[in-house]
Amino acid sequence: MYDAYDAASGSAEDCLKGLHLDEALRDTINAAYDFTQAGRKLSKIREGIMAGVEHCPICGISPPRQLDHYLPKSTFKALAIYPRNLVPICGDCNQSKASSVSALPNEQFLHAYYDVVPEIRFLEARPSTAQGLVVDFGIRAGGGLDPLLASRLSYQLNRLRLNTRYAREINSYLTSHTTALHMCFQFAGNEGVRSFLQTQSAVEFGRFHLNHWRPVLLEALGLDDQFCGGGFASILPAVAQPLGSVNPLT
24 MYDAYDAASG
34 SAEDCLKGLH
44 LDEALRDTIN
54 AAYDFTQAGR
64 KLSKIREGIM
74 AGVEHCPICG
84 ISPPRQLDHY
94 LPKSTFKALA
104 IYPRNLVPIC
114 GDCNQSKASS
124 VSALPNEQFL
134 HAYYDVVPEI
144 RFLEARPSTA
154 QGLVVDFGIR
164 AGGGLDPLLA
174 SRLSYQLNRL
184 RLNTRYAREI
194 NSYLTSHTTA
204 LHMCFQFAGN
214 EGVRSFLQTQ
224 SAVEFGRFHL
234 NHWRPVLLEA
244 LGLDDQFCGG
254 GFASILPAVA
264 QPLGSVNPLT
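In case it helps, this note's numbering puts the sequence shown at residues 24 to 273.
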């Protein structure tokens, strides 16, 4: 069964439902998943999968606190404790993903262990500062990205409501850069802000990955003339006291 799963790269093949197995055995394997919880007999399975994973591999926002069955255990009971069918995930992503499995190729979630994502940029951020800061994230087609993969990534972004969730995170995240942005603008104008955003995005691209929402956001803001030209100040007001006389760019 597990060999067949690997051979199918986790695709929802009928043979993986385990209907050739005794129903009692399927139910026993399915029930065994509860024993992967902390302190129980199979907790090592969960611990091994979660080890070293700081952020949810799907959204990049929250720490993964749950395990997602890539193929839902309600249908694929015999795979309930197979580690390669278990993906570390945050609660929001797990709830939005639910247990549905689409037969349409462009409506299938990427498999964290089998789908190979090329080392190219495909996530883009389109900021607007006309009425506060509004950012629309999307998948950039072309540029070496397979069309089907691009379609699946777009489906995943929409199904998980990532734009809505990123919007909740953006203000909190950018607040941590408020002082730096104002100081850079005070001492070097729009080019100072642009330089800071470009430098910080490079740091975070190195810390995370090419398609993490945070550095992608910073890079896009660094290219936005209105934001760099002082538009950030209405979104991220400065503190009342003087910022000091130390030039942060020297």
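There's no promise every hint is true.
[Unchecked claim] Pairs of lysine-lysine, BS3-like flavour, derived with a Cα cap of 25 Å: (1) 40 - 120; (2) 96 - 64; (3) 40 - 96; (4) 96 - 67; (5) 120 - 96.
[Said to hold, decoys possible] Restraint-style ranges between C-beta atoms, simulated for each label pair: (6) 24 - 147: 36 to 42 Å; (7) 226 - 125: 15 to 21 Å; (8) 154 - 129: 30 to 36 Å.
Just so you know, the hints here were simulated from the structure itself, not pulled from any lab data.
Built from N, CA and C at the ideal position, the CB exists for glycine as well.
Hint numbers not upheld by this structure, sorted from lowest to highest:
The structure conflicts with hint 7 only, although it agrees with all the remaining ones.
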